[in-house]
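Q: Chain by chain, the residues run as shown.
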Amino acid sequence: MGKFNLIEEPWISVLTDEKGTTKEVSLIDLFENANQYKDLAGDSPTQNFAVLRVLLAILHTVFSRFDADGQPYHYFKIDDRLRQISTIDEEDVEDYSEDLYRNWNQMWQNKEFADIIYQYLNIWHDRFYLFDDKLPFYQVTEAVIAPDKISRKKASFVSGKTINRLVSESGNKNKIALFSPKHSSNKEILTAPEIARWLVTYQGYSGLSDKAIFGKEKYKSSKGWLFDIGGVFLKGNNLCETLLLNLVLVHPKSEYIGYKQKPCWEYSSQDIVDRSFSINKVNNIAELYTNWSRAIYIDPETDISKAFSFNTVKLTDIDHQDQFLEPMTIWRYNKSGENKGKHTPRKHQAEQSVWRSFGLITLPNSYKEDQERPSIINWIDNISESINNFDMTIESVSMKHDGKPISWLPVDEIYDSLKINDLVLTDSADDGWLIRINEAVDRTKEVIGGTYRRFLVDVRNIRKLDSNHQFVNRGVEDLYYAIDQPFREWLSSIKPTDSKREKISQWYNSLDKIVDNHAEKVLENATYRDYIGIKSEDQENKGANIITAYNKFKYFLNKQ
Amino acid sequence: MKEHVLDKDNVFTVTGRILGRLEEIRDYSSGKAALANLRNSIGRPLSETIDVWPIVFEQMPEHFLSKNGKLTSEEKAILTTLQIYALHQQGQSVNVNKRTEKEKWNNIGISLKALRNGEDTIAIDSRFNTMITSTTFEELIHHLRQLVRILKAKKQNEKIVYARLANDLFWYLRNQEENVRLSWAKAFYSKLENTEKGDESND
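Each protein sequence line maps, in turn, to chains A and B. FYI, full-length UniProt numbering numbers position 539 of the first sequence as 539, with every residue one higher than the one before it. FYI, full-length UniProt numbering numbers position 39 of the second sequence as 39, with every residue one higher than the one before it.
No wet-lab data here; the hints were simulated from the structure. Just so you know, not all the hints are guaranteed correct.
Distance condition first, Cα-Cα at most 25 Å in a straight line; then the derived DSS-like pairs of lysine-lysine [claimed, not checked]:
| id | chain 1 | residue 1 | chain 2 | residue 2 |
| --- | --- | --- | --- | --- |
| 1 | A | K400 | A | K235 |
| 2 | A | K419 | B | K67 |
| 3 | A | K3 | A | K23 |
| 4 | B | K67 | A | K495 |
| 5 | A | K419 | A | K445 |
| 6 | B | K102 | B | K152 |
| 7 | A | K495 | B | K76 |
| 8 | B | K67 | A | K111 |
Take these sequences, add in the hints, and give me the full structure.
A: Here you go:
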């Protein structure tokens, strides 16, 4: 008999008001009250992202089969467990797609979910037990990882403190990881809700430090699909809006439209493991969002008052090349290497605000040959008629790893957001906002990383500092930091009716002012020696000092 | 045999209904005025062309209609199609719209293929390629209107499945432009004659 059912027991942490109050809710509670809750409020942004995708997988599954009123679509057959059991005729795909758009529209107007979702969850209740010896949620049964099936006597052991962390512990047992959420002696003990949340998260971001594999032959193991993507998603004013904004019912890539949704709980754990080794590609969002990187075994008799642990066996990686089924990532075009000529997901870069990747996130594919816009942004294009003049937030999330190929240990998180009006976000015309904003981003990067950096290099040379000295890099980062908030405020203040010329000029004026202020601060700290400067080896050239360096900087700043 | 389903509202069926209505009244003064209004609305903001509103919007289902001042993809696809139909129908005694079931191949490419005859197809192929490689909807429509004018001048008996055109324009607007380009190009460059694709429907 199963214990702790995720459909009815509280496990998802949500934000209930603007003051930061949180509580844990069940799946049913969450869908019923999604328009009352502000946001997910789990232990970390990567966890929120992983949990969001499970919620979306449920919605994709139900509302690919049923309309906004809970009536089944007539394009395929539905069985008594509400599964789609036949495929859609190719000639019906367009009509089905129009119906999906219409019903998405209806759900957006309703701002609530049809009762069919509760019928579905009730029917699949037996698949949502956290502890179960037959059908555990997101886990395998003991038989699936029997000794004769894996490469070692036992599956890899993972301690609760490994799963329950914000920053990895150092190898030194006596050193507590920075920002550890719990005192060391309690870190291994997790509540059932914590186990559930981290189970979902671990399947997305496991790294490669465990050892056991299926069979004896090596294969490319998954680190967790979420580990490798530069996660991008949209946030509304409450959880219901957030779920709907990210519910890509009609995939912007036509090759992914019309496939049966296959969430992991509709299959046995053996099926999931077998499918991992199958050559068939993932073709539907529910399967992708509920992908497992590991066969995870949790003892169904686990005593949660004691230190928690579980066992893992590695599963295979999802093919990264041109994996455009994934709507929620930014893409890199590869000009060389094993992925040459293909796009692969690109992680967000640490210490770089997301707006520096504005073009990668927002510009349409027609902008340049190798641009691949995230499908979630194309989706906003497609639904923008319905959501009309809505201020939304683009969220970005990645896991940072330790850079060691043998373990890919998760060590930190990269999280950021941008507020932007939806009509601005979808203005992809040749003279539209997106191109103008991207030009502003490029110019900002050139001013900071080019003009200002060269000024700092000149000053470093004048001071005869070593070329490895952090003076330049630190100065550039300080300036980016100073620019960051003003740029965000400027971006979120753009209204579709604003004059582009005036708005862009406003930014350039702010930028010049901030950059010049920073350069002047460097000047204010000048020493007597800085004014003397250095003599050039070449007699024909003038010597440089901090004033000539500053004047050169001003010349190039004004020229841009 | 697929179970028969009552016509439900999608871009194809709604456009078909509007065109059916226009065809019925084509010979009356109200029909002539409607077509003239559609032609006059080409290239002009909708707010300046209120004469077309009854024709276009009275038969649209509520969920197609804009909730703000901006046209929805459905409205834009259907209006644009009706404008091209009005251009094509002008001065023609026979109906230029072909009524048929919704089929993927039966698109504008098949109709325009009628222009690829004789030895020299370079000029028309070039025009067609320019159209399908347009980077914006407005550019696409500009070239499409030119091609329909040529079709009208040179192949007076050739019909267009305008409901299909509206459907394709809708999907073009919904980020499926690659699909639309490909299906039009396949039809345009195919070797099959029209009649091999099925019986001519009675008009």
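Q: Each hint should be assessed against the structure and marked as holding or not.
A: Going through the hints against the structure:
1. Note on K400 of chain A and K235 of chain A: the hinted pairing holds, with a Cα-Cα distance of about 22 Å set against a maximum of 25 Å.
2. Our distance criterion of 25 Å between C-alpha atoms is met by K419 of chain A and K67 of chain B, whose separation comes to about 24 Å.
3. Taken as a hint, the K3 of chain A and K23 of chain A pair is honoured in the structure, with Cα atoms around 21 Å apart against an allowance of 25 Å.
4. Restraint check for K67 of chain B and K495 of chain A: satisfied, since their Cα atoms lie roughly 19 Å apart, inside the 25 Å limit.
5. A distance of roughly 20 Å separates the Cα atoms of K419 of chain A and K445 of chain A; the hinted pair therefore holds under the 25 Å criterion.
6. For the hint linking K102 of chain B to K152 of chain B, the alpha-carbon distance of about 23 Å falls within 25 Å, and the restraint holds.
7. The straight-line distance between the Cα atoms of K495 of chain A and K76 of chain B is roughly 23 Å, inside the 25 Å bound, and the hint therefore holds.
8. Straight-line distance between C-alpha atoms of K67 of chain B and K111 of chain A comes to about 16 Å, which keeps the hinted pair within the 25 Å bound.
The structure is consistent with each of the numbered hints, conforming to all of them.
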